[in-house]
Amino acid sequence: NAGVTQTPKFRILKIGQSMTLQCTQDMNHNYMYWYRQDPGMGLKLIYYSVGAGITDKGEVPNGYNVSRSTTEDFPLRLELAAPSQTSVYFCASNAGELFFGEGSRLTVL
Amino acid sequence: AQKVTQAQTEISVVEKEDVTLDCVYETRDTTYYLFWYKQPPSGELVFLIRRNSFDEQNEISGRYSWNFQKSTSSFNFTITASQVVDSAVYFCALSEPPIYNQGGKLIFGQGTELSVKP
Numbered sequence: 001n002a003g004v005t006q007t008p009k010f011r012i013l014k015i016g017q018s019m020t021l022q023c024t025q026d027m028n029h030n031y032m033y034w035y036r037q038d039p040g041m042g043l044k045l046i047y048y049s050v051g052a053g054i055t056d057k058g059e060v061p062n063g064y065n066v067s068r069s070t071t072e073d074f075p076l077r078l079e080l081a082a083p084s085q086t087s088v089y090f091c092a093s094n095a096g097e098l099f100f101g102e103g104s105r106l107t108v109l
Numbered sequence: 110a111q112k113v114t115q116a117q118t119e120i121s122v123v124e125k126e127d128v129t130l131d132c133v134y135e136t137r138d139t140t141y142y143l144f145w146y147k148q149p150p151s152g153e154l155v156f157l158i159r160r161n162s163f164d165e166q167n168e169i170s171g172r173y174s175w176n177f178q179k180s181t182s183s184f185n186f187t188i189t190a191s192q193v194v195d196s197a198v199y200f201c202a203l204s205e206p207p208i209y210n211q212g213g214k215l216i217f218g219q220g221t222e223l224s225v226k227p
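Same order as they appear, the protein sequences are chains A and B.
Going by the numbering used here, the first residue of the first sequence is number 1, and it counts up by one from there.
Going by the numbering used here, the first residue of the second sequence is number 110, and it counts up by one from there.
These aren't lab readings, by the way, just hints derived from the structure by calculation.
Beta carbons: idealized from backbone N, C-alpha and C, even for Gly.
You can trust all of the hints, since none of them are fake.
Pairwise CB distance ranges, derived in the manner of DEER restraints:
#  : chain 1 : residue 1 : chain 2 : residue 2 : range
1  : B       : Gly152    : A       : Gly96     : 17 to 25 Å
2  : B       : Thr187    : A       : Glu79     : 42 to 50 Å
3  : B       : Ser121    : A       : Asp73     : 36 to 44 Å
4  : B       : Thr189    : A       : Arg105    : 27 to 35 Å
5  : A       : Arg105    : B       : Thr114    : 22 to 30 Å
6  : B       : Glu153    : A       : Gly51     : 21 to 29 Å
7  : A       : Ala2      : B       : Ser121    : 34 to 42 Å
8  : B       : Thr187    : A       : Ser18     : 43 to 51 Å
9  : A       : Asp73     : B       : Glu126    : 41 to 49 Å
10 : A       : Arg105    : B       : Glu205    : 23 to 31 Å
11 : B       : Lys112    : A       : Ser67     : 25 to 33 Å
Using the sequences plus the hints, can you model the full thing?
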């Protein structure tokens with residue numbers, strides 16, 4: 001049972017580049033989330049989804065986009081990377097308890 | 110609006126000391142969940158406990174215990190006889206009311222970094 005899988009684990013981007021962080025869960029959870037974690041700031045919710053075809057903004061959505069075409073997948077897109085998006089990103093799914101992926105460390109230079 | 114406050118940014122103790130991590134929350138909901146997560150130096154987030162708003166019984170799990178008090182909106186976490194392996198960042202979180210038993214968004218506190226020295 002893989003749980004929540006995120007890729008890539010590490011990535012360095014140049015300012016203005018685009019990329020997608022992939023997230024897949026095999027637990028058939030409807031709720032999925034993307035959080036970012038900055039040092040000393042806890043986890044901030046970027047976007048979330050309550051089911052396939054439904055997404056909504058969290059606390060810090062600017063500069064990001066998401067889609068949810070299937071129950072399993074919830075990719076996070078950065079269109080024009082900025083240094084402020086340097087962070088660790090966590091994908092999660094929820095069935096009463098949040099199951100987290102291992103995190104993706106993104107650096108924008 | 111919902112909010113979770115962990116006022117202790119960093120705590121340092123010596124092994125075998127007891128330590129309590131404070132968590133205060135704000136919500137207008139009458140039904141909600143409270144959580145604690147551990148983030149060791151390796152970076153993953155480890156679930157420790159979930160407590161619903163109708164269950165104020167304290168919980169003990171080995172060296173870990175949790176004190177939930179609705180009257181003060183607090184959900185404090187105590188580690189008894191701390192060990193070096195307890196060194197981590199600990200997050201308290203609050204969930205909006207669950208829907209269809211699938212849970213809602215979690216709002217996290219800023220985290221408390223615990224350092225246990227030998």
